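Chemist: Here is how the chains run, residue by residue.
4 protein chains.
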Amino acid sequence: MPQFDTVIRHGTLATASDVFAADLGVIGGRIAAIGIGLGPGAREIDATGKLVLPGGVDGHCHLDQPTSDGSQSADDFETGTRSAACGGTTTVIPFACQFKGQSLRDAVTDYHRRADGKAVIDYAFHLIVSDPTDQLLGHDLPALIHDGYTSFKIYMTYDDMKLNDRQVLELLSVARRDGAMAMIHAENADFIGWLTDKLLAAGHTAPRYHADSRPMLVEREATHRAIAMAELADVPILIVHVSGREAIEQIHWAQGRGMRIYAETCPQYLVLTEHDLHGHGMEGAKCICSPPPRDKANQAAVWDALAGGTFHIVSSDHAPFRYQDPKGKMLHGANTPFNWIPNGVPGIETRLPILFSEGVKKGRISLQRFVELSATNPAKMYGLHPRKGSLAIGADADIVIYDPDRKVTITNSMLHHNVDYTPYEGLEVTGWPETVLSRGEVVVEGGTCVAQPGRGAFLRCDTPDLARPKVTAV
Amino acid sequence: MPQFDTVIRHGTLATASDVFAADLGVIGGRIAAIGIGLGPGAREIDATGKLVLPGGVDGHCHLDQPTSDGSQSADDFETGTRSAACGGTTTVIPFACQFKGQSLRDAVTDYHRRADGKAVIDYAFHLIVSDPTDQLLGHDLPALIHDGYTSFKIYMTYDDMKLNDRQVLELLSVARRDGAMAMIHAENADFIGWLTDKLLAAGHTAPRYHADSRPMLVEREATHRAIAMAELADVPILIVHVSGREAIEQIHWAQGRGMRIYAETCPQYLVLTEHDLHGHGMEGAKCICSPPPRDKANQAAVWDALAGGTFHIVSSDHAPFRYQDPKGKMLHGANTPFNWIPNGVPGIETRLPILFSEGVKKGRISLQRFVELSATNPAKMYGLHPRKGSLAIGADADIVIYDPDRKVTITNSMLHHNVDYTPYEGLEVTGWPETVLSRGEVVVEGGTCVAQPGRGAFLRCDTPDLARPKVTAV
Amino acid sequence: MPQFDTVIRHGTLATASDVFAADLGVIGGRIAAIGIGLGPGAREIDATGKLVLPGGVDGHCHLDQPTSDGSQSADDFETGTRSAACGGTTTVIPFACQFKGQSLRDAVTDYHRRADGKAVIDYAFHLIVSDPTDQLLGHDLPALIHDGYTSFKIYMTYDDMKLNDRQVLELLSVARRDGAMAMIHAENADFIGWLTDKLLAAGHTAPRYHADSRPMLVEREATHRAIAMAELADVPILIVHVSGREAIEQIHWAQGRGMRIYAETCPQYLVLTEHDLHGHGMEGAKCICSPPPRDKANQAAVWDALAGGTFHIVSSDHAPFRYQDPKGKMLHGANTPFNWIPNGVPGIETRLPILFSEGVKKGRISLQRFVELSATNPAKMYGLHPRKGSLAIGADADIVIYDPDRKVTITNSMLHHNVDYTPYEGLEVTGWPETVLSRGEVVVEGGTCVAQPGRGAFLRCDTPDLARPKVTAV
Amino acid sequence: MPQFDTVIRHGTLATASDVFAADLGVIGGRIAAIGIGLGPGAREIDATGKLVLPGGVDGHCHLDQPTSDGSQSADDFETGTRSAACGGTTTVIPFACQFKGQSLRDAVTDYHRRADGKAVIDYAFHLIVSDPTDQLLGHDLPALIHDGYTSFKIYMTYDDMKLNDRQVLELLSVARRDGAMAMIHAENADFIGWLTDKLLAAGHTAPRYHADSRPMLVEREATHRAIAMAELADVPILIVHVSGREAIEQIHWAQGRGMRIYAETCPQYLVLTEHDLHGHGMEGAKCICSPPPRDKANQAAVWDALAGGTFHIVSSDHAPFRYQDPKGKMLHGANTPFNWIPNGVPGIETRLPILFSEGVKKGRISLQRFVELSATNPAKMYGLHPRKGSLAIGADADIVIYDPDRKVTITNSMLHHNVDYTPYEGLEVTGWPETVLSRGEVVVEGGTCVAQPGRGAFLRCDTPDLARPKVTAV
Ligand SMILES: [Zn+2]
Ligand SMILES: [Zn+2]
Ligand SMILES: [Zn+2]
Ligand SMILES: [Zn+2]
Ligand SMILES: [Zn+2]
Ligand SMILES: [Zn+2]
Ligand SMILES: [Zn+2]
Ligand SMILES: [Zn+2]
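Protein chains in written order, with our numbering: chain A, 148 to 621; chain B, 148 to 621; chain C, 148 to 621; chain D, 148 to 621.
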């Protein structure tokens, strides 16, 4: 009689701490045992020569998120989570975004409707607060935090999202009091507006000018300000999608003063540069995201901060807009000015392969650090640990069996998102996910998603330990 | 028939990454399985309500180390390792110290003789190079690194140990080429000498003046210089026993520039202050170590750097000299001037309890971070991972069953070292090791060491991954 | 026949560069000669044992400035300039402040009306832009700059003054293009509002809470942001009334990156501390100004930055409100909450004596640095050099004959402003102005102002050299 | 009857503070008057359209300094001071260098013998201490300081000069106690030795490898260490010949902490780069000096620090060795390895023209800052102010009448030193000294030195105010 539902045998397991050879046994969708020569499983998977990793946790992606400019998210919860799963990710945390005037609870309800019956892997929601009324601050947000939506994103830019400093402080106070992780998009809206108008007035509308409209100091300033607000409110924050040296320096400075400032970067800042915005015709539009990719020196700075300890998580910031599409990058036609091009790059499927290949294989980070950045820390950051993000007894059996040696040239046709391009077209990587399990169930096999839409479950997040203010009195 | 030699049941296991409830099974001295409801063990240990942690790895302690001033190490490998084990430590890495003129191999041979038949837990050796001849640099040291002595300490101070910058660079070149971790004692010898002579000339001989002879900038300067040498030689280094803000700032600065500079601190910098050197009569001599404990603000800076990521390991720097002893702190009689008082404090047994109580229990660090700092990272730093330092399949079953709630007031009579005092006399801590296993064998039970001297084995260290130079070209 | 209108004989002259014994001869209101044994003057002034200094230039003071809260400036141009003159200042640069909705030219006209016929010494105007319409940016401000109003102040806080970042950038662009010096009041309005509401909600209304409503980081954040805007607009700026370490660090950091960031501090940050807000009853209201005085450590940091080169000018920021007055500090009665208490301290007369006594006499700064900070640099900063601010041939004979040894205990009854208190009551200083000349005419003699109101002339300011952007291309 | 010995009429005078039109009258070799329409002079010099500046003070040059390697200083006090004078410099401060074993007084006597009867302009001596015996520290050096040798240079590198940290501290203690300015050559000798041996072992002997043997961090480390020693000894120091960013950052950091750390740079770091060491054959030898010129980015950093306030003086560090000469750069023949090539570049005559043209004319620094850096501050730094370095009444009439518009292409044939090359060959500059007066006597006229050797006088230096420790207690 099989002792386990599933046994993954002869693999090399990795956690954020350790790498070792062992079998892994699953019972009831959870990791039940790790050991040498485990008893038989109803299903046996041979992982000889493979890595057995916790499934990736993508702590920052946008799925089926309505916009106010007429553009359309190319991925819904079905295509998005399928693409994620094929890339080795077993948990995604997209956003439930409040429109101004909308109640936050209604927004959440709407997003649940969007996700229901579609997701192939588990998901939680970050909230996005765009209209922090007294009702929201005093009741709705605390109630949602209590209900398991324990993180929210604050925008310092984008006209329909941005909050002023006072509003940010009010929200950080809620984060502190009710125990939530505040994620901050740190770019100075006024700076961007001023630069954009100058560029447009000079007739500079091509995609490449997107980078000129948001130079490094736009991000540095907002990062410093965000840190100051975290200091004032005495609460940890996470700075999302950090793109280069000057922002890193602010974060590193704050960390050196003993503050709990966490930071995220994304593959686009690890392998793209502003040069990718300079392509022929509108090609650059494919790589328009905010903050924009920087130059090679900044890219090196991001790698250094990743190999060191300044960064805590690597997310995709998957924001899927089709390229040749009037609801995508060509929103205002074939010459859409850079400031009207929807922001974002797709990358939910390529996140792990790029980080593994450029990071682990090139010797910049250890395999443990890879696991930590892409799975364990995101789970911890957002209150999903120990359920998700590690190979621990009792944790959900979200597992990726990874072929560390497979050579793949990334091309969009092999990806499973609903976007008509990938910014990483032609990038050669070593290593690719082979088999993916979600709660013990094989959802990807041989590169094909075999999961039924709707099998993915909504996850209530716990209060993240990392969101606790620093203990200063003893 | 028992499936395991030993099963530790119903405990809460912790690694540097995760905390979870599970049983742990040992076969042949190694961790064979971790899981829910493991099969029976020949020996069953109930860990209900207890933490099951990897045994501590003390990466910095001095045992039976001869001196040149007539003082005598109070602990040999028997008392020292017994004390360590009783404090939850299952691996120690003391030093094999070359005397000037002595061959390094002879030094190692001598230290093996000192350890043979005495240690109750496993041990490796760091080398101390005090006389870097061409023979040593070109042959002896590389050969010893090859033989498993893959770390060595470099002193920038102490007359009989200190190397000049040229010699340090030569040694760092060996570390780079042959793959060893260089540990650096960073204090400026000339600064200390100058200050000491001024203090003595002014008649300031009491123990408290030890602190004045080695102010923070003595350490800051040497730390900056050590970092510069690491940069020049392009090799990681570890700065040992970092005591306060200015040194931390240098390390943090270097880390922010992408350098692999590791750092260690010790309990004496976490709970003692310079005020402890001000005791009645010669009492202050009990706390004389170098660098000296600093003030409260520096102590807070050390905690911040520990909770953040600037520090990588916490060691004891156990350096045992008896207080009321003409071969100890009273080396030159009842009024021994501070500069003749042997440097060092005992602490091999109290390291884990202090870090656990002041760190985990007071909410400054997580349990995972505790494990990382005290066991996993030291093992990684010195090429002992994955054999030591974690609860991983295949690892040595070096395990401490820790009572997280036991309240203990530290007093010297309860400790097992051969020193007549502890600097932590009267300190109240919460949590204490209950049962300790080394390679699956119970060595401490109910606070008593039950292991035979000599059972501890010498460990050949691997090349530490952390000692690899940063990859810069891609 | 006299060769000079006036000769000041046997004094010790000081410039920002040199100190030397000489006579000084005036012809036609200008300095005509400096030398040994000058020929006779129609008037001869013996300065034996005295310093002969350029008259102070107070680059920041508020005179007869209407408010929107019902408070009233205690000093008009007559009492204000008389007080200034008695304190050794011969040029003041108060503000012409635009109300929202008012044209900038009308504001200037109004202020000229206020000054006409009243001033006893020369004066120029900084503009305050509170409503940067397109008309103002495109026409009015450039025209006024052209007419000699070559500096303007930007507020980042105060409800009726504050500009958003976009507006600041627009104004800095004008400063760059048309050649003006932008002065920035750097405090974050939202932070202050948030803190103030929290304090008030907790019932904390006493004067001392003013300091809690504007802690150091309120100023640090705005300083960083102001620097970022200067960087973006590529133009020098001056940060006014810098109060402590964290703001200084930002400025120092920017200067170290090669930016032209100038900085001002004031006597209140050199001798007062937040403790002065803690007085009995409402006494603290006397010292309410923004930013507030900080603690002793910050005060020391201000002195260090003054003795070093981080600061460029010392101004009074004289903002005169009577204490026992329903149009002054008691605006809302005897228990006026801190946030309704008019901001500002008087100090136009005590600026030089305090800086001289605490700075030069206590050995913190040289006499040349005193002259530079209090006279020469303000004149340069605002386009009044070489007419004002130095003892140079051809310069206006604005001269103070200073008794360096006179001991004075400051008390309000000896001062000439129209305020009923001085925050420096009881402060003992060494050195006091004895005789003051404006354009060669004695305006203060024996501590008495002998000048007719209206003799002071309006000064058109030149484009300040210091406002030029850094040359980067060669 | 003439009122003045000499009147310089109709010029534009400049001090470190001011620029103004005036006449200048000289009596008895001193500046007696500055004013409009001065009375007649026995000699009248028309300076219409010209600048009238204080003669340059070259605070760092080497004249007739014996070496230990067989090389020979190309310039003695006659050719050296003549070249200086022709370049607008009226005071030089070369070194009196102690050989190990020699008494410092004997060294001084020897140098006086070398200077006697030769100098055409005034001179003082810095001491160089290479052998700080107790006799020297306790008696000889204090006595010489008392006699007017109030500055000394400390070498942290060069085998025959370098002192260890202890010796440096002893010397800084003397500087503090007896009131002298300590100048520090900050390069780490051990680092250089290690790098040099590696380069030579690899066969890299060409001049260009000089730069590789002394990279930026060699200087950065020593700068940090020097600052630490100044902090420990609590005394100001001057870091000489600072070459680039990393050293500047250390200095700027120290200044930001309130320390009195002064800094000097030289024209070679303002216009040369390491590329100039890459010339054909041995051409690079012409530009070998220590520290070596850096890259363009470092050059820009030096300019920024010059335009800001980090640097205090610009000196020539004139160290004259002939190029095609077996006692010069070709010391060991036509392929002299870089480490045997005498260090130093000539530049005593080109210092002011390069700084004026590249600095003032290109808009990087003001004319006042030029005067401050090249004349006033060096005089203040070394106790020669107010006698030298400014246009002040009573000061020595050391004056240069400077044609600000003359265009000159620098070529060695036009220079007056005894070196067979200039590193600035072909450099086009605008502005050149026309007439130079020393103590009222014309010493250069129309580009020709008309002074008799021996007319230059030895200057006893006062205790420099700038060498006083910071006042901290009040
Ligand atoms: Zn975002
Ligand atoms: Zn996003
Ligand atoms: Zn040590
Ligand atoms: Zn030690
Ligand atoms: Zn203000
Ligand atoms: Zn003001
Ligand atoms: Zn030198
Ligand atoms: Zn030199």
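Since the hints were derived computationally from the structure, they do not count as laboratory data. Keep in mind the model is a prediction, meaning the values are calculated, not measured. Mixed in with the good hints there might be a few duds.
Claimed, not checked - Quick list of simulated restraints, FRET-style, between CB atoms:
| # | chain 1 | residue 1 | chain 2 | residue 2 | range |
| --- | --- | --- | --- | --- | --- |
| 1 | C | Leu284 | D | Asp609 | 53 to 59 angstroms |
| 2 | B | Thr256 | D | Ala447 | 55 to 61 angstroms |
| 3 | D | Pro289 | B | His286 | 50 to 56 angstroms |
Every residue gets a Cβ at the ideal spot worked out from N, C-alpha and C, and that includes glycine.
Chemist: Against this structure, judge whether each hint is valid.
Modeler: Hint check:
no. : hint                                     : in the structure
1   : C/Leu284 to D/Asp609: 53 to 59 angstroms : holds, 55 angstroms
2   : B/Thr256 to D/Ala447: 55 to 61 angstroms : holds, 57 angstroms
3   : D/Pro289 to B/His286: 50 to 56 angstroms : holds, 51 angstroms
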